[in-house]
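Q: So the sequence lines, in the order shown, correspond to chains A and B. Going letter by letter, the first sequence gives residues 81 to 1069 in the numbering used here. Going letter by letter, the second sequence gives residues -6 to 200 in the numbering used here.
If you are wondering where the hints come from, they were derived from the structure by calculation, not from laboratory data. Ideal Cβ placement from N, Cα and C applies to all residues, glycine included. Check the hints yourself; a few may be wrong.
Below 25 Å or equal to it, Euclidean Cα-Cα: the simulated DMTMM-like pairs (lysine to aspartate or glutamate) are [unchecked claim]:
1. A/Lys151 x A/Glu127
2. A/Lys151 x B/Glu71
3. B/Lys103 x A/Asp223
4. B/Lys197 x A/Asp259
5. A/Lys321 x A/Asp371
6. B/Lys57 x A/Glu103
7. A/Lys151 x B/Glu26
8. B/Lys103 x A/Asp147
9. A/Lys328 x A/Asp267
10. B/Lys197 x A/Asp350
11. A/Lys245 x A/Asp259
12. B/Lys57 x B/Glu71
13. A/Lys151 x B/Glu139
14. B/Lys197 x A/Glu143
15. A/Lys328 x A/Glu356
16. A/Lys151 x B/Glu14
17. A/Lys653 x A/Asp223
18. B/Lys197 x A/Glu103
19. B/Lys197 x A/Glu107
20. A/Lys328 x A/Asp350
21. B/Lys103 x A/Glu107
Sample of chain B residues lacking proximity to chain A, with all beta carbon distances greater than 12 Å (derived) [what the hints assert, rightly or not]:
22. Leu69
23. Val73
24. Glu83
25. Leu88
26. Tyr92
27. Ser96
28. Leu120
29. Ser143
30. Gln165
31. Arg193
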Amino acid sequence: MLVALLAGLALAFAPAFGQDTPESRWEGRPISRIEYDPVQQPLPLEELNRVLPLRVGISLRLEDVQDAIQKLYATGRFSDVSIDANADGPGVALRISTEFNYFIGGVNIAGESDPPNRNQLISASKLELGALFVESDLDKAIDNMQEKLRVNGLYNATIQRRVDKRPDTEEANVYFDLDTGGRAHFDGAELTGQLDRSKESAIGTTGWHRGFGPIRIPGWREVTESRVQSGVERLRKDLQKGDRLEAKVTLDKLDYHPATNTATPYLTIDSGPIVEVRTAGAKVSSSQLRDLIPVYQERTVDRSLLVEGQRNLADYFRSKGYFDAQVDFMQLDPAPNRTLIEYNVTAGERHKLKHIEISGNRYFDAATLRERMYVQTAHWLRRRYGLFSERLLQQDEQNIADLYRANGFRDVTVMHPQIQDNYGGESGSLAVAIQVNEGPQWLVNQLVTEGVSSADETYLRSIVRSTEGQPYSDANIAADRDTVLGYYYNTGYPDAQFESSVDPTSAPYRVNLRYRVNPGMRQFVRGTLVRGLETTRPSLVASRISVMPGDPLSQTRIAQSQQRLYDLGIFAKVETALQNPDGQEESKYVLFHLDEARKYSYNFGVGAELARIGGSANSLDYPAGAAGFSPRVSAGVSRINFLGLGHTVSLQTQVSTLRQRALASYSAPQFEGHENLSLTFSALFDDSNDVRTFSARRWEGTVQLAQKVSRANTFQYRYTFRHVSLDPNSLKIAPQAVGLLNQPVRVGLIGSSFIQDRRDDPVNSHRGVLNTVDLSYAYKGFGSETDFTRLLVRNATYYPIGREIVLARSLQVGYIQRWGGLSEIPLSERFYSGGASTNRAFPDNQAGPRDLVTGFPIGGSALLFHSTELRFPLIGDNIGGVLFHDMGNVYSNVSSISFRFHQQNLQDFDYMVHSVGFGIRVRTPVGPIRADFSYSPNAPRFFGFNGTFNDLLNIPASEPLCSLQTPLPRCSNQRINSFQFHFSLGQTF
Amino acid sequence: MLSGATLAIALGTLISPGSAETLDRVAVSVGREVITESQVILDLRVDAFLDRTPVDLSSAARRKSAERLVDQLLILREAVDSHVTLPSTEAATGLVAPYAAESSYQADLKRYGITEPDLAAHLLAGLRTLTFTDLRFRPDVQVSAEDIRSYYDKLPHSAAAPLPSFEDSRDQIEKLLVEQRVLDALDQWLAMARSAANIRYHEKAFE
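Please put together the full structure from these sequences, using the hints given.
A: What follows is the structure, encoded as structure tokens:
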């Protein structure tokens, strides 16, 4: 027995042959206990128990141990895992030891000197938010940042790093503290290679020397990456003038001199050959040629670019009506270092595309198909010859066929059997006939979904296109794939997969569709980690994040939260990421790393106003305004994120010869966490004489709450208190009225506005409607000296006519009702209108009642304006035209509103003034620039006073001033010029 | 009584209640996948079985085995990604058969501490690696007549040991050169795949 036992032990202690294995000692023993080291693990215990194959009570299998290690490691949460066994009576106690991974929770930069800015440095570090933190990557990150600093002239910069690790969330927040030192300056440049000018001239082109344009001042500019690149680019462009298209400038190195903290760029210059491009057979302007021949843009000559130029030239001539234009080219080297590219153009006869005939179409009408076509018939204004080429026609046929195929017409054919010349007996006129052969429409007979829960299936069937009876097409299936995957991605299945297959059916032109979905593992939000805040209150950020712990992981929700944070306007960058993105775990942290924007921003502007604003402030000349010029300076400062609440405090000032103005405001957007509310306090000082009758000094305070009730509808509620005083020396009205109208007035009013905006584009509307209603009430209980209500209603509608023409109309009605207090509505509270945005018969603020002696406008208590505009394209895509008709006026009171055309006499202003005219709109990135020319057949006539204000005061009270019956030499007949010119930015309405 | 006490002492030496034994740990990680220490040891046991040599569990042997397993993992991962059809598990039966025919087969398996499925899996992994290498790299290998001639001309020979004629040697040389170039291509690809993969050796498994 002993011998046998010893023999057995000998085998057991025979490692040379490997029989002594853990299996032999532990396999099959019941697991009595499982403990973790450390006890606190990054994954919840429930998740660990679900994932691991090891359970208390089951027999130990080393295969399960190996599997457990694999599964734990695959979560990405651990950098090392080992499992130990310890005898525990007849069983085995397991200890799972782990070492944690850390993930980048944010990269924070301090001490930077722009350029490079913070984001450029973070980008250079290549440390990605949420990615695995590897200590050795920090060295690479610092190297990369140092390189970025060096190319920006910061050769002496030092970077200190610090990592703040949080074991509870496995975050590693990385901090880089920079001491950038002084930025190096250029100290000249070394040039090698062919140069057709002096070295000084070439260096001057780079802009590295200090100076203003051609004027140089001593010293060199600081080195920055963009300055180096722009200098090289400027020199290259300069060398390329004179047809040296292939001129190259290469930056070999920037040689740094530590002793002087300067750097010398070393440039190699290759002037290249002179490349001449010309056309034969037809004239093309050199600027047009530069646009059409890509060798000018690419700065190199190769066959593919020359062929592209050939195609562009042919298309250019075809777009001009030479539909048969043929272009070929040849490349010659007539002399050393000289290349000649000659395009030979055979333009052929000029045509005009007069007619497009589409036949055979039943499912889509011709208008629908025409909308998708590039080929266009001639139009007298825009395309005199139409737009046609064989290539465009083929493209159109393809587009039409694609449209049919997307709607189940799998066998559709589209062709043009003939192009008819001399259409309608007119020489050079073309007609194109497009023949559509639709074929049968294929429909979905049955849609079967697999791998989808019954609850999801109901919803998915309501959003996919290829349901029973719907057209069967590849485009619909592709769209369904995106829809289905989008749904799963946003409900916590980031690895969802989609497959589709088609089964034939016995019914003709019917198919059975099968959608198979493999959702994969569902992932949830473990929590949100917000980092990078300095002054912003965390509660403000939390209120904008809609991603909650326990929710299914949704990229849409994360993106929405990111957008809401951007909408606060206080963050320069909002970075979002999943922590441990590739880890196979059930729940993940969502990271938000925020970079707060600069607190202060400044603006400064210089401008001028040129309009009928002229005339002396102390004379009574030009009551209707003389052409005048008013320079203007504006400056402002804003402090965002005030008190970390996301609120903004700003001060904007404007000084011109017509107006001095200061506006201080405090705005709280998304007030109290409500996205649809915003609260604004503002204080205004305004000293202006934009109404030519008087100068007014206004102090005003307003508090306003805006409520966006839907995408289109907004309400505003406000209280305004203002004190307005008129400069008595500026009043240009009859002395009898002065005492009544010029007293200072205090107005306190509550008001509300409703804005409904359903326009497609507020800047340049093509369709939709804009309604505004503004009602305010001034009452002594609100601190007002006078009681009145003011109502202003506006309605504007826009109707597209065809693809490019818009009919727009606008109606404005206003009414002021006095209830008590002062005996008249004060001058400053009346309606003043007329001008570029209401009735173009008038200069600005010149509509309505006028002083019966001086002829200056005195405002009214009611207004009615209607404008109609026909907006159409004029030249190319960027210049449009407008024909307009405006009518309306400011009336002395609501009962005086009249549609009467004729002015009864020189003291009658309650009639409707009409104007017609023509305008030009030039499209720009900031909206259309507008110039309008108007003619009014019934512009107002009125009495003006021949003399100064003192002359007016010296008239004895017993004498009549101006009389309709008795002409007086001091009263002259004047009128508003029938022709007016308006120049401004934006559409009229 | 004596035998019982001896047994208790012997087992006590093996499983002492106070000291824990590491059952398994991460030896190498390749991205999110791991090769555990037990896989390395098993690989060495199977190799030793196939070579009929004692099992070498030294640090150097473990490291070498781990590197081989990493290569195998990279190759099999690439095979899956590129949808290459590899031999199925049924092929393993044929691979094991020659060993199973030996009379001491079961005793040897036991002696080396491995099982038949371990052996089959090892052989199958080797076969799959070879198949992938053949399918992926062999079609691209070209050997020209000049290459064969050049190789032949450089072969050492003497009057005492003359070379067979070029014509007689051509096929053999061509086969040899193809094999050599396939292996070179595999080595190049592995070097590239290794640099792209995040491979980390956990030193405790190699102590």
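Q: Each hint needs a verdict: does it hold in this structure or not?
A: To see whether the hints hold, each was checked on the structure:
Distance hint between A/Lys151 and A/Glu127 is fulfilled; the C-alpha atoms sit about 12 Å from each other, no more than 25 Å. With a C-alpha separation of about 21 Å, the suggested pairing of A/Lys151 with B/Glu71 holds against the 25 Å cut-off. A distance of roughly 56 Å separates the Cα atoms of B/Lys103 and A/Asp223; the hinted pair therefore is violated under the 25 Å criterion. Distance check on the hinted pair: B/Lys197 and A/Asp259 sit about 41 Å apart at the alpha-carbon level, beyond 25 Å; violated.
The suggested pairing of A/Lys321 with A/Asp371 holds, with an alpha-carbon distance near 16 Å, which does not exceed 25 Å. Only pairs whose Cα atoms come within 25 Å are accepted, and B/Lys57 paired with A/Glu103 is accepted, the gap being roughly 23 Å. The suggested pairing of A/Lys151 with B/Glu26 holds, with an alpha-carbon distance near 9 Å, which does not exceed 25 Å. Taking the CA atoms of B/Lys103 and A/Asp147, the gap is near 24 Å; set against the 25 Å cutoff, the hint holds.
Note on A/Lys328 and A/Asp267: the hinted pairing holds, with a Cα-Cα distance of about 22 Å set against a maximum of 25 Å. Taken as a hint, the B/Lys197 and A/Asp350 pair is broken in the structure, with Cα atoms around 60 Å apart against an allowance of 25 Å. Distance check on the hinted pair: A/Lys245 and A/Asp259 sit about 24 Å apart at the alpha-carbon level, within 25 Å; holds. With a CA separation close to 21 Å, the supplied pair B/Lys57 and B/Glu71 stays within the 25 Å bound.
Our distance criterion of 25 Å between C-alpha atoms is broken by A/Lys151 and B/Glu139, whose separation comes to about 53 Å. Proximity of B/Lys197 to A/Glu143 is assessed by CA-CA distance (about 20 Å); at most 25 Å being required, the pair is judged to hold. Taking the CA atoms of A/Lys328 and A/Glu356, the gap is about 17 Å. The hint holds against a cut of 25 Å. Between A/Lys151 and B/Glu14 the CA atoms are separated by roughly 21 Å; this keeps the pair inside 25 Å, and the hint holds.
Restraint check for A/Lys653 and A/Asp223: satisfied, since their Cα atoms lie roughly 24 Å apart, inside the 25 Å limit. Between B/Lys197 and A/Glu103 the CA atoms are separated by roughly 20 Å; this keeps the pair inside 25 Å, and the hint holds. For a cut-off of 25 Å, the pair hint linking B/Lys197 to A/Glu107 stands: about 23 Å separates their Cα positions. Between the alpha carbons of A/Lys328 and A/Asp350 the distance comes to roughly 5 Å, so the proposed pair stays at or under 25 Å and holds.
Distance restraint check for B/Lys103 and A/Glu107: the Cα-Cα separation of roughly 15 Å lies within the 25 Å cut-off, and the hinted pair is therefore satisfied. Separation of B/Leu69 from chain A is adequate, the least Cβ-Cβ distance of about 15 Å exceeding the 12 Å criterion. The claim that B/Val73 is not at the interface with chain A holds, since no C-beta of that chain comes within 12 Å of its own (minimum 15 Å). For B/Glu83, the non-interface assignment is confirmed: its Cβ lies about 22 Å from the closest Cβ of chain A, beyond the 12 Å cut-off.
Separation of B/Leu88 from chain A is adequate, the least Cβ-Cβ distance of about 21 Å exceeding the 12 Å criterion. Here B/Tyr92 stays apart from chain A, with its beta-carbon at least about 16 Å from theirs, past the 12 Å limit. At roughly 18 Å from the closest C-beta of chain A, the C-beta of B/Ser96 stays outside 12 Å, upholding its exclusion from the interface. With a least beta-carbon separation of about 22 Å from chain A, B/Leu120 lies farther than 12 Å from that chain, consistent with its non-interface assignment.
Non-interface call for B/Ser143 relative to chain A: holds, since the shortest CB-CB distance, roughly 39 Å, exceeds 12 Å. For B/Gln165, the non-interface assignment is confirmed: its Cβ lies about 39 Å from the closest Cβ of chain A, beyond the 12 Å cut-off. With a closest Cβ-Cβ approach of about 8 Å to chain A, B/Arg193 is found to fall inside the 12 Å limit, against its non-interface label.
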